[in-house]
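Assemble chain A onto chain D, guided by the hints.
Listed here are the chains, written in short residue letters.
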Amino acid sequence: MTIKFILLVNKQGQTRLAKYTDEFLTVDERTMLEGEIVRKCLSRTERQCSIVQHRNYKVIYRRYASLFFLVGVDEEENELAIMEFIHCVVETMDRYFGNVCELDIMFHIEKAHYLLDEMLVNGTILDTNRSNILTPLQMLDKAQQSSS
Amino acid sequence: MTTPLRDLIRRVRECKTAAEERAVVAKESAHLRDSFKKEDVANRHRNIAKLMYLHMLGYPTHFGQMECLKLIARPSFAEKRIGYLGLMALLDEKQEILMLVTNSIQQDLKGKNQYTMGLALCALGNICSAEMARDLVVDVKKLMKSSMIYLKKKSAICAVRLVQKAPELLLDFKDEALALLDERSHGVLLGAVTLALELCKLDPVEAVGWFRAKVHNLIKMLKHLTTSGSGSADHNVRGVPDPFLQVQILHLLRLLGKGSPEISDVMSDVLAQVASNTDASKNAGCAVLYECAKTIIEIESTGGLKVLAVNILGKFLGHRDNNMKYVALDTLIKVVTIDPKAVQRHKNVIVQCVQDADISIRMRALELACALVNENNVEVFMEVLLQFMEDSEVAFKPKLVEKICELVEGFAQSPQWHVDTMVELLEKGGAYMQDRSARSFLVMISSTESIQGYAVRKLYRALFDNLDQSSTNLLTVALWCVGEFGGKLLSGEGQLADEIPLKVTESEVISLVEQVMKQGSQSDEVMEYSLTSLVKLSERFSSNEARIQGTISKYKKSSLLELQQRACEFDRLFKHGRIRSQLLETMPSLLSGDGEEASQGDAPANPAPAGGDLLGDDILGLDLGGGDAAPSPVDALTDLLGEAAVSPTSAPSGQQGGADLMDMLGGGGPVPAGAGQASDPLSDLLGGGSGASPPPSPTFPPAVVYDKNGVSIQFSFAKESNQVIITAAYQNSSPAPVTDFVLQAAVPKYLQLKMEPATGNQLGPLGSGAVQQIMRVVNSLEGQKAIMMRLKITYACNGGQVSEMVEVKNFPQGL
Numbered sequence: 001m002t003i004k005f006i007l008l009v010n011k012q013g014q015t016r017l018a019k020y021t022d023e024f025l026t027v028d029e030r031t032m033l034e035g036e037i038v039r040k041c042l043s044r045t046e047r048q049c050s051i052v053q054h055r056n057y058k059v060i061y062r063r064y065a066s067l068f069f070l071v072g073v074d075e076e077e078n079e080l081a082i083m084e085f086i087h088c089v090v091e092t093m094d095r096y097f098g099n100v101c102e103l104d105i106m107f108h109i110e111k112a113h114y115l116l117d118e119m120l121v122n123g124t125i126l127d128t129n130r131s132n133i134l135t136p137l138q139m140l141d142k143a144q145q146s147s148s
Numbered sequence: 001m002t003t004p005l006r007d008l009i010r011r012v013r014e015c016k017t018a019a020e021e022r023a024v025v026a027k028e029s030a031h032l033r034d035s036f037k038k039e040d041v042a043n044r045h046r047n048i049a050k051l052m053y054l055h056m057l058g059y060p061t062h063f064g065q066m067e068c069l070k071l072i073a074r075p076s077f078a079e080k081r082i083g084y085l086g087l088m089a090l091l092d093e094k095q096e097i098l099m100l101v102t103n104s105i106q107q108d109l110k111g112k113n114q115y116t117m118g119l120a121l122c123a124l125g126n127i128c129s130a131e132m133a134r135d136l137v138v139d140v141k142k143l144m145k146s147s148m149i150y151l152k153k154k155s156a157i158c159a160v161r162l163v164q165k166a167p168e169l170l171l172d173f174k175d176e177a178l179a180l181l182d183e184r185s186h187g188v189l190l191g192a193v194t195l196a197l198e199l200c201k202l203d204p205v206e207a208v209g210w211f212r213a214k215v216h217n218l219i220k221m222l223k224h225l226t227t228s229g230s231g232s233a234d235h236n237v238r239g240v241p242d243p244f245l246q247v248q249i250l251h252l253l254r255l256l257g258k259g260s261p262e263i264s265d266v267m268s269d270v271l272a273q274v275a276s277n278t279d280a281s282k283n284a285g286c287a288v289l290y291e292c293a294k295t296i297i298e299i300e301s302t303g304g305l306k307v308l309a310v311n312i313l314g315k316f317l318g319h320r321d322n323n324m325k326y327v328a329l330d331t332l333i334k335v336v337t338i339d340p341k342a343v344q345r346h347k348n349v350i351v352q353c354v355q356d357a358d359i360s361i362r363m364r365a366l367e368l369a370c371a372l373v374n375e376n377n378v379e380v381f382m383e384v385l386l387q388f389m390e391d392s393e394v395a396f397k398p399k400l401v402e403k404i405c406e407l408v409e410g411f412a413q414s415p416q417w418h419v420d421t422m423v424e425l426l427e428k429g430g431a432y433m434q435d436r437s438a439r440s441f442l443v444m445i446s447s448t449e450s451i452q453g454y455a456v457r458k459l460y461r462a463l464f465d466n467l468d469q470s471s472t473n474l475l476t477v478a479l480w481c482v483g484e485f486g487g488k489l490l491s492g493e494g495q496l497a498d499e500i501p502l503k504v505t506e507s508e509v510i511s512l513v514e515q516v517m518k519q520g521s522q523s524d525e526v527m528e529y530s531l532t533s534l535v536k537l538s539e540r541f542s543s544n545e546a547r548i549q550g551t552i553s554k555y556k557k558s559s560l561l562e563l564q565q566r567a568c569e570f571d572r573l574f575k576h577g578r579i580r581s582q583l584l585e586t587m588p589s590l591l592s593g594d595g596e597e598a599s600q601g602d603a604p605a606n607p608a609p610a611g612g613d614l615l616g617d618d619i620l621g622l623d624l625g626g627g628d629a630a631p632s633p634v635d636a637l638t639d640l641l642g643e644a645a646v647s648p649t650s651a652p653s654g655q656q657g658g659a660d661l662m663d664m665l666g667g668g669g670p671v672p673a674g675a676g677q678a679s680d681p682l683s684d685l686l687g688g689g690s691g692a693s694p695p696p697s698p699t700f701p702p703a704v705v706y707d708k709n710g711v712s713i714q715f716s717f718a719k720e721s722n723q724v725i726i727t728a729a730y731q732n733s734s735p736a737p738v739t740d741f742v743l744q745a746a747v748p749k750y751l752q753l754k755m756e757p758a759t760g761n762q763l764g765p766l767g768s769g770a771v772q773q774i775m776r777v778v779n780s781l782e783g784q785k786a787i788m789m790r791l792k793i794t795y796a797c798n799g800g801q802v803s804e805m806v807e808v809k810n811f812p813q814g815l
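Residue numbers (full-length UniProt numbering), protein chains in the order written: chain D, 1 to 148; chain A, 1 to 815.
With the rest of the complex left out, here is chain D (with noise of 0.2 Å):
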């Protein structure tokens, strides 16, 4: 029922962003964890599913341009949910960023975090509304402007 790890890939396998949730992995672990994952991921063809069975974790990941979004399940979780609030994701990163990229993502790191707090909680969603989840971000924009 709950989501263990999303992580943000690039084409050649960097990652561009992790959350991890309710497990402390240690930082040796976490980079074994991402590369096996990654590799195993990214050598899929697009004929192929989107779900991988990897350790203990289902892995669910969809391709967004040169982007991919993996996020990693425990056994009870609803898969196809799971791939709708990826797309949930992407799409409300496109409204914040405007046509998100990669660049924007690396740049503005603790932004992109931010915005999956709203969405995400200890592995449960939270809320999947794009307004409800903007709000608390637009606002924080706005009082920085204002402040500098």
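Please note that the accuracy of each hint is not assured.
Straight-line Cα separation of at most 16 Å, EDC-like style, residue types lysine to aspartate or glutamate; simulated pairs [stated by the list, open to error]:
no., chain 1, residue 1, chain 2, residue 2
1, A, 428, A, 367
2, D, 40, A, 358
3, A, 334, A, 298
4, A, 201, D, 75
5, D, 111, A, 79
6, D, 58, A, 330
7, D, 142, A, 79
Hints listed in this document are in silico derivations from the structure and should not be mistaken for laboratory results.
Same frame as chain D, now just chain A:
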């Protein structure tokens, strides 16, 4: 001087090697540490963002944790925001830092600004520990009752984490969790249902009861979502009303309906409605349908509804989108054990999925298809699978072969079909077959005498046809059979009605085996099998003995140790005509020993080949130089020693009081006794030559040693080498039951006594419920002094305690 994050990213990206990157990161980390030490307040925000970046790249960042705490304590929202973010991301397993942050979070939870409060809830929801949960439960509960939607939804999700970490808080959240289910906002409802799910999982009895009372609310909610089609339009996903909320509600209904036919009945209408009204053309709709099907399958629903659910999944199987196929197969694999009939209806589309382009789909479809196989359809299925075997990719073959073997073993309708299928499989995919499967095929042939002739001829043909490209498994199976059943190969014994007769001569068969050996690339295993096959054939084709001996002697100079040893031993064997025919007899059925070893206990009684494994390793263990040696004496000895070593441990239990007596008598005795006992059968075996059985032991008449108050004790005797085994039978012929019956025995020093525990200590009335106890006596002065014993018998009968002493001297002569 700190640089912007953008600058750091640029520098890292410019690195061409990993070493360069490490250098850049090390330099930056040093800068950051420096900056933290200098309390550079203005740049804290930027520094944490950099740390986040380094963390993501997989570099250590623990030194930034304290800095996050400082930011959280700052008044400005922007600083708090990045502080909390850093805290959530950079926290490692060292959780002492959490103690420090509890206070700041509590302050923020009590704050005025809803976004600050939401921030604290979010952080708490992500990193809360059991202690924090207990400290902050009151604050979170307060926010669950807040008037602001933003705080309600966040606190509900935060509560999930709290109960996960401290399950004893379950009851604390009962009222709030139930109240939140009456909300209207989708965001809050999603949180409320998620919390309800968590509570139900933690306490599947009580909490499920609370929410069952709310089942009508949930049904209404779901109905509203499906019928109105509007709900709150903001949450629609391409025309499907809030799929995430629908999925969560359906999941909760599943937990509530499981195990309760009444509740399941109540929700069956709405489930049918969701199943029929949801748009299956969109992924979002499919997610809802999928969850709905899972719920219907798991709750106590009616057959009709279950069929509807299986049909939904069946439709997924025909979907263009592979993900649908994947989840449907995954779920159907679970369903097939409960309701195979409903799944059976989608057999055709499942078989189509076995041929899908995507290997993950194929694997699952194969598993499901195999679960659908039964006695009636196995032959049809097998044709499809064998056909598919040829054009599937290499990575998939081992799995496929394994499944086919399982099916053949489980559902073979006739031995002939079994042999036909396995030989075809060996030809097409023998290389992918596990040794285990090949062995069990051999076991099947060896234990089914009527098929041996057919099998060996079939395998001979397969070997002949596939000589140049056949797999180790095909070769070894065929070679073993040709060796074992060479006679049947030529004689045409066990000819089946539709079998084409095989015309071969002895020398053709031998030539084929020789041809196998001549191919330079054969594995050692194949060479060993071939050699053993040849030596077996030398017995069956006596006119070609000299030729075979010639071939075998060639390998006496083989560079492979095993092969060389075998060849030498087999060569010697030709000089021992008498034992050779016995050694090379057809192996008895391998069924009992699973192809590994025949039962060890039989070893002394059977000639060597019976005890050996398929390769006849025991033959190699023979000391042929020593003349007519007994077969594998070592095995028999260890076997007996093993037994002797075990017996002292089964000394009488304390309850029987026998142990004390043993001690009195010097219970250390069993060890020399064991050794003596083992050496005897060994000398027997060595003296008696192969297959000699020990002389029949004389029989002794039983003796009644005690008979009073209706309680009698009868001793029966048996002698095993120097050991006398006494079976004491206790019986009670009086009408009153006897309880606490204990027999203790004492013997003079020249005897060693071991008592096993009695089978009971209650003697039923009128001869019912007799009890037995076994004693073993070793007489160290056998022939000089007779066995004698003193017995102490105690028991309770008719409410009184009886205690008696009896001396037993009338043991039969010759013990």
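Which of the numbered hints are not met once you compare them with the structure shown? Those not satisfied come down to hint 1.
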